[in-house]
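Make the full structure from the sequences, and use the hints.
There are 2 protein chains.
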Amino acid sequence: MDQKLTEISQIGEFGLIDRLTSDLKTVNESTLRSVGDDCAVLSYPKTDVLVSTDLLLEGVHFDLTYVPLKHLGYKSAVVNFSDIYAMNGRPRQITVSLGISKRFAVEHIEELYSGIKLACQIYGVDLVGGDTTSSRQGLVISITAIGEAEHSKVVSRDGAKDTDLICVSGDLGAAYMGLQLLEREKFASAGQKDFQPDFSGKEYLVERQLKPEARKDIIEELDKAGIVPTSMMDVSDGLSSELLHICKQSNTGCRVYEDRIPIDYQTALMAEELNMNLVTAALNGGEDYELLFTVPLHCHDNVSKIPGIKVIGHITKPDLGCALITRDGTEIPLKAQGFNHMAPVEETK
Amino acid sequence: MDQKLTEISQIGEFGLIDRLTSDLKTVNESTLRSVGDDCAVLSYPKTDVLVSTDLLLEGVHFDLTYVPLKHLGYKSAVVNFSDIYAMNGRPRQITVSLGISKRFAVEHIEELYSGIKLACQIYGVDLVGGDTTSSRQGLVISITAIGEAEHSKVVSRDGAKDTDLICVSGDLGAAYMGLQLLEREKFASAGQKDFQPDFSGKEYLVERQLKPEARKDIIEELDKAGIVPTSMMDVSDGLSSELLHICKQSNTGCRVYEDRIPIDYQTALMAEELNMNLVTAALNGGEDYELLFTVPLHCHDNVSKIPGIKVIGHITKPDLGCALITRDGTEIPLKAQGFNHMAPVEETK
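Going down the list, the sequences are from chains E and H. As numbered in this note's numbering, the first sequence has no gaps in its residue numbers, which increase by one up to the final residue, 796. As numbered in this note's numbering, the second sequence has no gaps in its residue numbers, which increase by one up to the final residue, 796.
Any given hint might turn out to be false.
Any copy will do: because identical chains look the same in the list, a pair fits if it lies in one copy or spans two.
[Stated by the list, open to error] Subject to a maximum C-alpha distance of 27 Å in a straight line, what follows is the list of computed DSS-like cross-link-like pairs (lysine-lysine):
1. Lys600 - Lys493
2. Lys782 - Lys549
3. Lys472 - Lys493
4. Lys633 - Lys549
Because the hints were derived from the structure by calculation, they are not lab data. Since the structure is predicted, the reported quantities are computational estimates derived from the model, not experimental observations.
Laid out in structure tokens, this is it:
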């Protein structure tokens, strides 16, 4: 280990926790008591409490050969905030549990935490607790986010109705293309010292993969416009997979139009360069963290006015099934290829 | 893999989640919406919300060569409930995240879940969400517990005052001795098929290690007696370590008496058999999940009447430090040897 780095065993678990949390301040009035006890203490007398949790494992969800620790921390927090926004809520607190293997120094964990803290600062969220332990294998990150929403404004997956408009924020497929690009450069760099990866003209793809944002802005814009979606999810596993969830849980079908799916030109160029089908990437690539939601037909004009939201199709009766209408008018059934984090991986143990 | 077992890849992530959660029912009115969406939705209009989280990793916190999966599930849930009780709260919900390596079949995970569900049933807690993913290494279990407490009755670590009585529930050191016993039998069985471990006369130790309980009963008894402790923790890292936390955070000292520390006779016999110091085991052995708390001096008679609670010492002014008074009257400073889950372990990757 580098001489300038501090081994965790030098300061122990409590020493590490002190270093990570001594500068924490809380900003939300719902946070009554933060780190330093058996539990965090919160207060939500007027709103519903939303809880979401994500488990991120090295070698499955992230590859530290190209993911900087600060970015990893930022993303780990943001993907949890995204789940809270996806129910029309506002994230207020997170707990962070880490499993840390021997190869990490105190400074590495501080770097990871700096990303988590930055995300908390930008999104107005308090870090209120967690657990820190050693890991015999890779890095383990488990984050639970707690948020709030007015009871009457909580949006679930099961409220879509026939004729509702299907909307999506931002653009799709870029994070997936960013992953392909990073994997390609990792492969190209194998064994070469001082290898300079080539990301020129593809910065957006890399950023979408390494430093995604949750769509707080869209939730705020919808609120300002007085629109409460009938159903909503965030796009973490791919548009197809999420649409199928909404339709299954709402007992509906849907039609989405290929030419309406928002795709950035960098995503399109990269798909061409890699000889991949662009629409497949946009439908099935994961980790976009955009919001997919449905609104009643009469909201068409209002929702269309909001920058960054695109109407991509509509909800149908269930017997029509779920399909994509291609540019030439062909109907193709939607399939959930998605991101399968349960796909078998090689065990290294 | 056994022919009768189902590989997780056969049914996929969503298939697995369906199998694990399709029979879930909720019992608490604070649970508005359970599994099946981006977030669980809860409601706590009248009480404070308590949140606690624990990360359990194979090879660090548990050894599947002698821990049955159902027991592991039960214990994983109960240790989180214990954190909620430790603040004088009542657990109401948990989320369960699992990282599952290839060697586990669907039936194994159902077995683990059956233990979690049993604990939820016994303690009246709803399983409301989680995350399931593949792991490249061992089993990863991350549980977050959510509970409630009346605002004025939340008990933290920092409220102990000079002359307060120090109380502990149950007995100490048994879980640690159970661990020593299980490790010894594992060592003895190495390479032998059909090895029969010898636990006769030591069943209590094994049970304390494999199937601990959280002291819901003590919290209820204290409530009935009208006693709100001035500080409280659960004994997960060892009595010494927890006492030092309370004294540090309350800015006090303490005296505890060796002859008052509750120890089961099986614990004592096992310590003798292993030639270990009994008091050291009781002070520093972890995972007892008993409650350590302080009450004002005037509660002495009331607290002493409650079965299963023992007064073991008192809080002092900070300049007196923290010490154990041995049977012969010697003062020995308390040290936090505790359970160090951050101790370096060999990385197997």
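So, going through the hints one by one against the coordinates:
{"no.": "1", "hint": "Lys600 - Lys493", "in the structure": "both (13 Å within a copy, 20 Å between copies)"}
{"no.": "2", "hint": "Lys782 - Lys549", "in the structure": "between (42 Å within a copy, 25 Å between copies)"}
{"no.": "3", "hint": "Lys472 - Lys493", "in the structure": "both (23 Å within a copy, 26 Å between copies)"}
{"no.": "4", "hint": "Lys633 - Lys549", "in the structure": "both (24 Å within a copy, 26 Å between copies)"}
Hint violations for this structure: none, all hints satisfied.
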